[in-house]
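Asks: In case you want the letters, here they are:
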Amino acid sequence: MKKEELPQDKKIIKGEDNTLRKVLYVTDDSGNYESAQSDGWEAENYALTQAWEDIDEHIAETREKVKNGEVSPIAYFMLKNLMDIPILASYVGKWKWVVKRHLKPSVFKKLDKKTLELYASVFNITVDELTKFPAA
Amino acid sequence: MIIENFEHHQYAHCESGVTVNLLRYYGVELSEPMIFGIGAGMFFGHLPFVKVNGVPGTTFRIWPGYIFKRVSNQLGVKIKVENFKTPEKAMQALDEVLASKRPAGMMASVYYLNYLPPAFRFHFNAHNLIAFGKEGSEYLISDPVMENVAKVSTEDLAKARFAKGFPEPNGRMYYPVQAPKTVDLTKPIWSGINQTCFFMLTPPVPFFGVKGIKFLGKKIKQYPAKLDPRRSALYVGNIIRMQEEIGTGGAGFRFLYAAFLQEAGKKFGNDELLHLSEEMTTIGDQWRNFAYSAARTCKARSGELHSYDQLGDMLIDISGKEKDFFEKLKKVAKNRK
Numbered sequence: 083m084k085k086e087e088l089p090q091d092k093k094i095i096k097g098e099d100n101t102l103r104k105v106l107y108v109t110d111d112s113g114n115y116e117s118a119q120s121d122g123w124e125a126e127n128y129a130l131t132q133a134w135e136d137i138d139e140h141i142a143e144t145r146e147k148v149k150n151g152e153v154s155p156i157a158y159f160m161l162k163n164l165m166d167i168p169i170l171a172s173y174v175g176k177w178k179w180v181v182k183r184h185l186k187p188s189v190f191k192k193l194d195k196k197t198l199e200l201y202a203s204v205f206n207i208t209v210d211e212l213t214k215f216p217a218a
Numbered sequence: 120m121i122i123e124n125f126e127h128h129q130y131a132h133c134e135s136g137v138t139v140n141l142l143r144y145y146g147v148e149l150s151e152p153m154i155f156g157i158g159a160g161m162f163f164g165h166l167p168f169v170k171v172n173g174v175p176g177t178t179f180r181i182w183p184g185y186i187f188k189r190v191s192n193q194l195g196v197k198i199k200v201e202n203f204k205t206p207e208k209a210m211q212a213l214d215e216v217l218a219s220k221r222p223a224g225m226m227a228s229v230y231y232l233n234y235l236p237p238a239f240r241f242h243f244n245a246h247n248l249i250a251f252g253k254e255g256s257e258y259l260i261s262d263p264v265m266e267n268v269a270k271v272s273t274e275d276l277a278k279a280r281f282a283k284g285f286p287e288p289n290g291r292m293y294y295p296v297q298a299p300k301t302v303d304l305t306k307p308i309w310s311g312i313n314q315t316c317f318f319m320l321t322p323p324v325p326f327f328g329v330k331g332i333k334f335l336g337k338k339i340k341q342y343p344a345k346l347d348p349r350r351s352a353l354y355v356g357n358i359i360r361m362q363e364e365i366g367t368g369g370a371g372f373r374f375l376y377a378a379f380l381q382e383a384g385k386k387f388g389n390d391e392l393l394h395l396s397e398e399m400t401t402i403g404d405q406w407r408n409f410a411y412s413a414a415r416t417c418k419a420r421s422g423e424l425h426s427y428d429q430l431g432d433m434l435i436d437i438s439g440k441e442k443d444f445f446e447k448l449k450k451v452a453k454n455r456k
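Taken in order, these protein sequences are the chains called A and B. Position in the first sequence (first residue = 1) + 82 = the numbering used here. Position in the second sequence (first residue = 1) + 119 = the numbering used here.
In short, the hints are calculated from the structure, not lab data. Quick caveat: nothing in here was measured; it's all calculated off a predicted structure. No residue lacks a Cβ here, since even glycine has one placed at the ideal position from N, Cα and C. Heads up, a few of these hints could be off.
[To be verified] Chain B stretches covered by chain A per the calculated footprint, using a threshold of three residues with CB under 8 Å from any CB of chain A: (1) 242 to 256; (2) 309 to 319.
[Stated by the list, open to error] With a straight-line cut-off of 25 Å between C-alpha atoms, the simulated PhoX-like cross-links for lysine-lysine are: (3) Lys-192/A - Lys-182/A; (4) Lys-188/B - Lys-182/A; (5) Lys-278/B - Lys-196/A; (6) Lys-85/A - Lys-149/A; (7) Lys-178/A - Lys-283/B; (8) Lys-188/B - Lys-178/A; (9) Lys-96/A - Lys-418/B; (10) Lys-283/B - Lys-186/A; (11) Lys-283/B - Lys-188/B; (12) Lys-176/A - Lys-188/B.
Work the whole structure out from these sequences, hints included.
Replies: In structure tokens, the structure reads:
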């Protein structure tokens, strides 16, 4: 990539400026490599925007599912903390299939205080915030 | 306390940048492309069955920790690499290293680093940074992807060092102990070149090296038939992010590698390396074209067979170019005078 082709597209994600000026390697007029700073590039900015849109849609969908009693609040807070089942399982130190079961409202209702405390601490919330979600 | 003579410089890639900044403190002054090339950092891998947040993993670099170890080994720098069982022990060990006036490299999750813009903070655990001092309960951090130094609280740094998921940093800390006064780069450069040729050309499974690029190209062609438009776009979007977001220097490290070959070529007066550097730049430009087209395809969300088919063809073409490239590079390394 030539120096003059280096894009400077600010990373606006969900209306917020998330630009992180970074270093790229580019060539000058005689083909010599040098490093240069860039604000970003529309292609990568779009890929990141799209990833966040997907996460936000998932969070909103899951919130509805918790409301309708289809999944437990753990499913919601897992997504809210950008985790998936394997990541959450390693944070709480449980098997993936165990965590998967805890996403069922019927199983969630029967969880003991210790287990709830464990999840709440990983999500950085109180047990009440976890069990009473969504409050209103 | 602060380690006085430590200098922070911004670089493209976290592990290469950490290595450059650490070695400079010990008087070994090398460029980032040189570190990346000697460290044999360039690679390709696509693992459809290893999914993160439901999206298959793609990488443009070798596994974490490899560059620092390889470069140190090649240059005769003595290093110490430690993992820890508990955050308490890990943070105590860090304080001791800092007290002995040694800047410490660490593996960390970006999720807990609040000096980064929020949109970047995923559970990505293979990030690298250096601590070079402590003020009260805050550590002074040199993160190579940042223009300036940053501060991180003890609590956040402990969390970042003990993030869970894949890979798990386990508090990994690494630093040089002793460096030679002078280094001869001839052997390390050729050895790094040979190693990268080996990584790119010889893996016996289809997921890695030049074969991996072709493999991914074929997979992309199947996306519209196998996935809904949203997932197809997310899968392709993830490739763009791995290729261009923080820390590759552009085109999934291809420009960084071309810069390395150019520096090596000038150093040795080797025209073949200079020519191959140009060729790698052209391949890098092709990767950029791929990312540009891929973003457009995602945006359209059409799921039209046609565009995904074209994207797949672009990668299959790149795979052939890289195969040809590394075969030539291997020959140059073999026939060097």
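Asks: For every hint, state whether the structure bears it out.
Replies: Against the structure, the hints come out as follows:
1. Coverage of a stretch by a chain is defined here by at least three residues with a beta carbon nearer than 8 Å to that chain's beta carbons; for the stretch 242 to 256 of chain B and chain A the count is 1, and the condition is violated.
2. Restraint check on the stretch 309 to 319 of chain B versus chain A: 0 residues with Cβ-Cβ distances below 8 Å, three needed, restraint violated.
3. The straight-line distance between the Cα atoms of Lys-192/A and Lys-182/A is roughly 14 Å, inside the 25 Å bound, and the hint therefore holds.
4. The straight-line distance between the Cα atoms of Lys-188/B and Lys-182/A is roughly 38 Å, outside the 25 Å bound, and the hint therefore fails.
5. At most 25 Å may separate the alpha-carbon atoms for a hinted pair to count; Lys-278/B and Lys-196/A meet this at roughly 21 Å.
6. Distance hint between Lys-85/A and Lys-149/A is unfulfilled; the C-alpha atoms sit about 53 Å from each other, more than 25 Å.
7. Distance hint between Lys-178/A and Lys-283/B is fulfilled; the C-alpha atoms sit about 13 Å from each other, no more than 25 Å.
8. Straight-line distance between C-alpha atoms of Lys-188/B and Lys-178/A comes to about 33 Å, which puts the hinted pair past the 25 Å bound.
9. Taking the CA atoms of Lys-96/A and Lys-418/B, the gap is near 16 Å; set against the 25 Å cutoff, the hint holds.
10. Among the hinted pairs, Lys-283/B with Lys-186/A is consistent with the structure: their alpha-carbon atoms are about 23 Å apart, no more than 25 Å.
11. Proposed proximity of Lys-283/B and Lys-188/B is supported: the alpha carbons are some 23 Å apart, at most 25 Å.
12. Distance hint between Lys-176/A and Lys-188/B is unfulfilled; the C-alpha atoms sit about 33 Å from each other, more than 25 Å.
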